[in-house]
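Line by line, the protein sequences give chains A and B.
Just so you know, the first sequence maps onto residues 53 to 251 in this note's numbering.
Just so you know, the second sequence maps onto residues 33 to 270 in this note's numbering.
The set of hints was computed from the structure by calculation and includes no laboratory data.
The C-beta atom is built at its ideal place from N, Cα and C for all residues, glycine as well.
Don't take each hint at face value.
Capping the alpha-carbon separation at 25 Å, the derived lysine to any residue pairs in SDA-like fashion look like this [what the hints assert, rightly or not]: (1) A:130 / B:165; (2) A:130 / B:169; (3) A:130 / B:149; (4) A:130 / B:140; (5) B:111 / A:211; (6) B:102 / A:208; (7) A:164 / B:117; (8) A:130 / B:163; (9) B:111 / B:235; (10) A:130 / B:147; (11) A:108 / A:233; (12) B:102 / A:215; (13) B:111 / A:208; (14) A:130 / B:207; (15) A:130 / B:141; (16) B:111 / B:148; (17) A:164 / A:194; (18) B:111 / A:218; (19) A:164 / A:199; (20) A:130 / B:234; (21) B:102 / B:46; (22) B:111 / B:234; (23) A:130 / A:247; (24) B:111 / B:156; (25) B:102 / A:201; (26) B:111 / A:216; (27) A:130 / B:102; (28) A:108 / A:247; (29) A:164 / B:155.
On the chain B side, residues computed to face chain A include the following (Cβ under 8 Å) [claimed, not checked]: (30) 86; (31) 106; (32) 109; (33) 121; (34) 138; (35) 143; (36) 146; (37) 182; (38) 257.
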Amino acid sequence: MSAGFFLLLAGAFVWARLPLGGVLLRAAVVLPFSALFGLICWLAGDPARGLSLIVKSYLSTLAVLLVISTTPFPVLLKGLELTGVPQFLLLVGQFLYRYLFVIGEEAQHMRKASAARGATLRQWAGGAGFRSAAGALSVLFARSYGRAEQIHQAMTARGFSGHFQPLQRAQFRPYDTVFTIIACLVPILLRIAVERAAS
Amino acid sequence: MRPIIEARGLRFRYDDGTAALNGVDFCLYPGETVALFGPNGSGKTTFVLHLNGLLTGEGEIEVCGLTLEKRNIPEIRRKIGIVFQDSDSQLFMPTVLEDVAFGLLNLGCDRVSALSRAQNALETVGMAQAGSRAPYHLSAGEKKRVAIAGIVAMEPEVLVLDEPTANLDPPGQRSLADLIAHLPHAKIIVTHDIAFAQALCQRAAFFRDGLIVAQGTVDQIVSQFNWVFTPEQTKLRG
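One chain only, chain A, in its complex shape:
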């Protein structure tokens, strides 16, 4: 069954012209975490469940990578909006995506600035280094807070009163309906076929 789902996903990656090897490697990022839980299941005397957990988490990661590699984030948000995801969660997602890079860039600047003054990773790891790292993190939080204040001012200055008005409402076209039906039917049919073959 899992092999069938894997082939389906692999086929989708090839169809989307994404580098399969690189994607398989990236999806492995989840393995250390799922392996830990798999190990716990194994120690609890249920190795089959442990293995299934590892495989399912890997396949789920592949599926997530497929979606985010083929769908621009704004489109993904619009799609989620169509499915009725609460507006507040979508806003959090939108702002997180928009400013994660900006804050990441600020963190990089701070890291470079400390490296330019002789700080090394080894120093960060020591007791005093840990305090310095904690201090740097607090500065980063303070900067993020300052940035949030500025964003709020910029929004308020343009008349924001707490509700986002979408410029274009996403529409569920016939093509989307067909795609959704196919995307749901294929795994269901695969499961039925595998179960019939097994019996």
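Based on the hints, put chain B in the right spot on chain A.
Below, chain B alone, put in the same frame as chain A:
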């Protein structure tokens, strides 16, 4: 002529007790462009944030005949558009077009006219092709133009630009000056860039310790406060 903006005795103190404004009096007349000079922390940005009620202190502000008070704030925010120093804080929507239309939709424009006005504004700033791009993929100069488009689209009567040339290279500064010069609005420009102010502003005001201590032409203010840096001023040691 009646001023389009009039501030009288403006005072403001931040929560930590820092007195940022200590009785600012200021007028802006229709069609004019005024530069605000002064040292860092002298109250320039705090002052402009008062003009559309983002900060509120003591004193009186009148914008286009409307007194700045709670019930007039939405109308005043239509009339004064602020372009913030850091464009990244101003461009928060997923695409450029959505960002430019953000203010229009908040004003109650229907989607069709918001879309059309946003596209026109992008054309005005020379970014018509960027509508579907993500703001974080733009260069600093492009971000500044899009930020200006977001304000111009709302058709304000006054444009306030806070350090518009910050982080721009000289060609970017020239191109921005050219764009701003062609916008018909009355403008307040907070800047340290003397050449930029000389190119655009008829008048300048100088802030010090939360007060406007002098007003005049850009050249007068620059010379009065020696507000320029030239290589000759650097004294070589040894």
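A quick look at each hint next to the structure:
1. Annotation: proposed proximity of residue 130 (chain A) to residue 165 (chain B) holds, straight-line Cα distance about 16 Å (limit 25 Å).
2. The straight-line distance between the Cα atoms of residue 130 (chain A) and residue 169 (chain B) is roughly 20 Å, inside the 25 Å bound, and the hint therefore holds.
3. Under the criterion of a C-alpha separation no larger than 25 Å, the hint pairing residue 130 (chain A) with residue 149 (chain B) is consistent with the structure, at around 23 Å.
4. A threshold of 25 Å between alpha carbons decides the hint, and for residue 130 (chain A) with residue 140 (chain B) the separation of about 21 Å falls inside it, so the pair holds.
5. For the hint pairing residue 111 (chain B) with residue 211 (chain A), the CA-to-CA distance comes to about 11 Å; that is within 25 Å, so the pair holds.
6. For a cut-off of 25 Å, the pair hint linking residue 102 (chain B) to residue 208 (chain A) stands: about 13 Å separates their Cα positions.
7. Of the pairs offered as hints, the one joining residue 164 (chain A) and residue 117 (chain B) holds, with about 24 Å between alpha carbons and a cut-off of 25 Å not exceeded.
8. The suggested pairing of residue 130 (chain A) with residue 163 (chain B) holds, with an alpha-carbon distance near 17 Å, which does not exceed 25 Å.
9. This hinted pair checks out: residue 111 (chain B) and residue 235 (chain B) have alpha carbons roughly 21 Å apart, not beyond 25 Å.
10. In summary, the hint linking residue 130 (chain A) to residue 147 (chain B) is supported, as the alpha carbons are separated by about 17 Å, within the 25 Å threshold.
11. With a C-alpha separation of about 23 Å, the suggested pairing of residue 108 (chain A) with residue 233 (chain A) holds against the 25 Å cut-off.
12. Simply put, residue 102 (chain B) and residue 215 (chain A) have alpha-carbon atoms about 19 Å apart, close enough for the 25 Å limit, and the pair holds.
13. A distance of roughly 14 Å separates the Cα atoms of residue 111 (chain B) and residue 208 (chain A); the hinted pair therefore holds under the 25 Å criterion.
14. Restraint check: the Cα-Cα separation between residue 130 (chain A) and residue 207 (chain B) comes to about 35 Å, which exceeds 25 Å; the hinted pair is violated.
15. Distance restraint check for residue 130 (chain A) and residue 141 (chain B): the Cα-Cα separation of roughly 21 Å lies within the 25 Å cut-off, and the hinted pair is therefore satisfied.
16. Distance hint between residue 111 (chain B) and residue 148 (chain B) is fulfilled; the C-alpha atoms sit about 20 Å from each other, no more than 25 Å.
17. Between residue 164 (chain A) and residue 194 (chain A), the direct Cα distance comes to roughly 18 Å. Compliance with the 25 Å bound is thereby established for this hinted pair.
18. Of the supplied pair hints, the one linking residue 111 (chain B) and residue 218 (chain A) holds, its CA atoms being roughly 23 Å apart against a limit of 25 Å.
19. This hinted pair checks out: residue 164 (chain A) and residue 199 (chain A) have alpha carbons roughly 20 Å apart, not beyond 25 Å.
20. Our distance criterion of 25 Å between C-alpha atoms is broken by residue 130 (chain A) and residue 234 (chain B), whose separation comes to about 47 Å.
21. Between residue 102 (chain B) and residue 46 (chain B) the alpha-carbon distance is near 20 Å, which keeps this suggested pair within the 25 Å criterion.
22. Between residue 111 (chain B) and residue 234 (chain B) the alpha-carbon distance is near 21 Å, which keeps this suggested pair within the 25 Å criterion.
23. For the proposed pair residue 130 (chain A) and residue 247 (chain A), the alpha carbon gap of about 36 Å is over 25 Å, so the pair is violated.
24. For the proposed pair residue 111 (chain B) and residue 156 (chain B), the alpha carbon gap of about 19 Å is at most 25 Å, so the pair holds.
25. In summary, the hint linking residue 102 (chain B) to residue 201 (chain A) is supported, as the alpha carbons are separated by about 20 Å, within the 25 Å threshold.
26. Distance check on the hinted pair: residue 111 (chain B) and residue 216 (chain A) sit about 21 Å apart at the alpha-carbon level, within 25 Å; holds.
27. Taking the CA atoms of residue 130 (chain A) and residue 102 (chain B), the gap is about 35 Å. The hint is violated against a cut of 25 Å.
28. Proposed proximity of residue 108 (chain A) and residue 247 (chain A) is supported: the alpha carbons are some 18 Å apart, at most 25 Å.
29. Only pairs whose Cα atoms come within 25 Å are accepted, and residue 164 (chain A) paired with residue 155 (chain B) is rejected, the gap being roughly 39 Å.
30. Taking 8 Å as the C-beta cut-off, the interface hint given for residue 86 (chain B) holds, the closest approach to chain A being about 5 Å.
31. Because the beta carbon of residue 106 (chain B) sits about 7 Å from the nearest beta carbon in chain A, less than 8 Å, this interface hint is met.
32. With a least beta-carbon distance of about 5 Å to chain A, the hint placing residue 109 (chain B) at the interface is held under the 8 Å criterion.
33. Residue-level restraint check for residue 121 (chain B) holds (minimum Cβ-Cβ distance to chain A is 4 Å; threshold 8 Å).
34. The restraint placing residue 138 (chain B) at the interface with chain A holds, with a minimum CB-CB distance near 3 Å, inside the 8 Å limit.
35. Interface hint at residue 143 (chain B): satisfied, since its Cβ lies 6 Å from the closest Cβ of chain A, which is below the 8 Å cut-off.
36. The criterion of a C-beta within 8 Å of any C-beta in chain A is met by residue 146 (chain B), whose closest approach is roughly 6 Å, and the hint holds.
37. Below 8 Å, beta-carbon pairs count as interface contacts, and residue 182 (chain B) has one with chain A at about 7 Å; its hint therefore holds.
38. Hint status for residue 257 (chain B) relative to chain A: violated, with the closest Cβ pair at about 28 Å, above 8 Å.
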